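Asker: Here is what each chain is made of, one letter per residue.
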Amino acid sequence: MNRKPPEPVELIKQRRDRTLQALVGGVPFIRFLGIDFDRRGDELTAVLNFDEKLIGNPFLPAIHGGVTAAFLETAAIIELSFAMLWADVESGAIDAEALTPATLPRLPKTIDFTVDYLRSGLPRDAYARARVNRSGRRYASVQVYAWQDNRDRLFAQATGHFLMPARDG
Amino acid sequence: MTAEGESHADHKARIARQFIQAIPFSRALEMELLEIGQGVAVIRMPFSDALVGDPQTGVIHGGAVSALMDTCGGAAVMSHPEALAGTATIDLRIDYMRPARPGQPITARAECYHMTRSVAFVRASAWDDDEDRPVAAANGAFTVERAGKTKT
Chain A
62 MNRKPPEPVE LIKQRRDRTL QALVGGVPFI RFLGIDFDRR GDELTAVLNF DEKLIGNPFL
122 PAIHGGVTAA FLETAAIIEL SFAMLWADVE SGAIDAEALT PATLPRLPKT IDFTVDYLRS
182 GLPRDAYARA RVNRSGRRYA SVQVYAWQDN RDRLFAQATG HFLMPARDG
Chain B
6 MTAEGESHAD HKARIARQFI QAIPFSRALE MELLEIGQGV AVIRMPFSDA LVGDPQTGVI
66 HGGAVSALMD TCGGAAVMSH PEALAGTATI DLRIDYMRPA RPGQPITARA ECYHMTRSVA
126 FVRASAWDDD EDRPVAAANG AFTVERAGKT KT
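Line by line, the protein sequences give chains A and B.
Count along the first sequence from 1, then add 61; that gives the number in the numbering used here.
Count along the second sequence from 1, then add 5; that gives the number in the numbering used here.
With the rest of the complex left out, here is chain A (with noise of 0.2 angstroms):
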């Protein structure tokens, strides 16, 4: 049998971070926020760096309600533009070492976010990981969980509805 070699696992590496790397890395408001994406093959976990900047009440303290929206949001849209992007930068039909924040195809808009506040923020990192219910043509439905210390206790839940971008031809 005539099999193509493996490919080297360095370069499987690289063309995901750059992918990731062009979707976050562009972005002012997710910098402002303090958001890192930890990546172990297509799974995501989103990270929150605490900054005292984001306290939304400093007498418990804990953080802002809209810190905890926001970082649910850009952890669902990150989740599904990166698994739209997926198939094509694995396939090469997408050059990720041309992929700039520049350079990206059209992505997701949100339509709705629905955010469920289970327990108040900490003033601490936090960490969110989204899965995508449903991806369609036109529209998909993507759910977030939240936690800190410990991966049972969830701080915040969520559930979005995402307009997708139309595809050519």
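Note that these hints are calculated values from the structure, not bench results.
The model shown is predicted, which means the values in this text are computed figures rather than measured ones.
Backbone N, C-alpha and C fix where the C-beta goes; we use that ideal spot for every residue, glycine too.
You can take every hint at face value.
Over 12 angstroms on every C-beta distance to chain A, these chain B residues come out as not near it, computed from the model:
1. Arg-19
2. Leu-39
3. Glu-40
4. Gln-43
5. Val-45
6. Arg-49
7. Pro-86
8. Glu-87
9. Thr-112
10. Glu-116
11. Tyr-118
12. Arg-122
13. Ser-123
14. Asp-133
15. Glu-136
16. Arg-138
Derived lysine to aspartate or glutamate pairs resembling DMTMM-like cross-links, with alpha carbons at most 20 angstroms apart:
17. A:Lys-114 x B:Glu-37
18. A:Lys-74 x A:Asp-103
19. A:Lys-114 x B:Asp-54
20. A:Lys-65 x A:Glu-151
21. A:Lys-170 x B:Asp-100
22. A:Lys-170 x B:Asp-133
23. A:Lys-114 x B:Glu-35
Chain B: place on chain A using the hints.
Answerer: Chain B alone, transformed into the frame defined by chain A:
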């Protein structure tokens, strides 16, 4: 308490400024409380390059609008005559109707339209310079901690 020689209007404006100044994240987004009282709050957030969510178009990130809506909803609940002892968001749904125009401030108005013993129901909308076409609408439930009552 009114400071000596301060008019009622000045007093209200000072309380409004202090409300935002006491919240670090609202201060970081440079929010300004324009109106508050009787369960209604109006807050404006200036445009800033740091709030951009789409670098290709310069449109503000939905999360920044969410933060404005959440702050405004909380302020509306706290300004309700029956609840003056703080509040927390239980849930908040935001509908994004159109992208806000780059460079323009966003103004949100929230109204606490119903209050039970423990829950405040709030609706809100937000617009840019075009006041007739909202950029977003929100609906939320907030906790109620009543003034002068102790928890059992």
